[in-house]
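**Q** So the chains spell out like this:
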Amino acid sequence: MTVSMDAQGPEKILPYVDIENSSYQILIDQENRLGPLLGFRAIPNGFLIDEIGIVKYKQLGNFDVRNPETLAILQQWIDGTKLSYTPNKPSLEVPIGDATETNALFVKGLSIYKSGDVDTAMALWRKSLSLDPTNYIIRKQIWAIENPERFYNGDIDYDWQSKQAT
Amino acid sequence: MDSTPTQTVQVGDKAPEFVLPSLDGDPVRLQDYLGTKLVLFIWASW
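Sequence order for the protein chains is A and B.
Each step along the first sequence adds one to the number in our numbering, with nothing skipped, and position 104 is 104.
In our numbering, each residue carries its 1-based index in the second sequence increased by 166.
No wet-lab data here; the hints were simulated from the structure.
Predicted, not measured: the structure shown is a model, and the values here were computed from it.
Hints are not guaranteed to be accurate.
To be verified - Examples of chain A residues toward chain B, derived with CB under 8 Å: (1) 1; (2) 33; (3) 46; (4) 51; (5) 55; (6) 92; (7) 93; (8) 94; (9) 112; (10) 115; (11) 141; (12) 144; (13) 154; (14) 156.
We put the beta carbon where it would ideally sit given N, CA and C, even for glycine.
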């Protein structure tokens, strides 16, 4: 099951997925419901959930099938062997008590964005980000809308991202 | 023992319920996947 955090909607995901041949669910979380719920402020993340719904593994950041450590974890999961697990840095987690207002602003911004008023939406998103300045779900969404050429013209320009002021 | 409360799910906790739309707009619940081992991958186009 994959969940994309793209506030801009399904059109952004389509280039990266093969719906017809996909054996897994492709979901979209435009409102960032999962960030506060599962406790992440950036991507890519991986959660492994067993048959009775217990979270057996939670990795914030660097969960990527191009990454050998991720492949090793997935193999352990498939094989049913013990998962090698490193606890996540607390700074990557959603801080307790801080998420409600931050997310309310983000959701309001999304509603306004969908109505076509991008400027007001961006203002609300910036306000949301000011409450949680190192939230990279919100930050990258703002970047992607304001600088689409850095994200959607070929490879993502990570060099440009690292030069942006925090 | 760390007594700091956390709202967010940790290893060993039951995964919280959620409903999200698939690309064709149909709602999908995490609950629908009880009985299967799940890999939940969170990503974005950015």
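**Q** None of the hints should be skipped; say for each whether it holds.
**A** Outcome of the hint check:
Proximity of residue 1 of chain A to chain B holds as hinted, the smallest CB-CB distance being about 5 Å (cut-off 8 Å). Hint status for residue 33 of chain A relative to chain B: holds, with the closest Cβ pair at about 6 Å, below 8 Å. Hint status for residue 46 of chain A: holds, given a least beta-carbon distance of 6 Å to chain B, under 8 Å. With 8 Å as the threshold, the beta carbon of residue 51 of chain A comes within range of chain B, its nearest partner Cβ sitting at about 5 Å, so the hint holds.
With a cut of 8 Å, the hint placing residue 55 of chain A at the interface with chain B holds, because the nearest CB-to-CB distance is about 5 Å. Look at residue 92 of chain A: its Cβ only gets to about 11 Å from chain B, farther than 8 Å, so that hint breaks. A cut of 8 Å between beta carbons decides the hint on residue 93 of chain A: the least distance to chain B is about 6 Å, and the hint holds. With its C-beta approaching chain B no nearer than about 5 Å, residue 94 of chain A sits inside the 8 Å limit, and its interface hint holds.
Taken as an interface hint, residue 112 of chain A does not check out: its beta carbon lies about 20 Å from the nearest beta carbon of chain B, beyond 8 Å. Given hint, residue 115 of chain A at the interface with chain B, is violated; its Cβ is 19 Å from that chain's nearest Cβ, farther than 8 Å. Interface hint status for residue 141 of chain A: upheld, as the beta-carbon distance to the closest one in chain B is roughly 7 Å, under 8 Å. Because the smallest distance between the Cβ of residue 144 of chain A and any Cβ of chain B comes to about 4 Å, under 8 Å, the interface hint for this residue holds.
Interface restraint check: residue 154 of chain A against chain B, minimum CB-CB distance 13 Å, threshold 8 Å, status violated. With its C-beta approaching chain B no nearer than about 7 Å, residue 156 of chain A sits inside the 8 Å limit, and its interface hint holds.
This entry does not satisfy hints 6, 9, 10, 13, going by the numbered hints stated previously.
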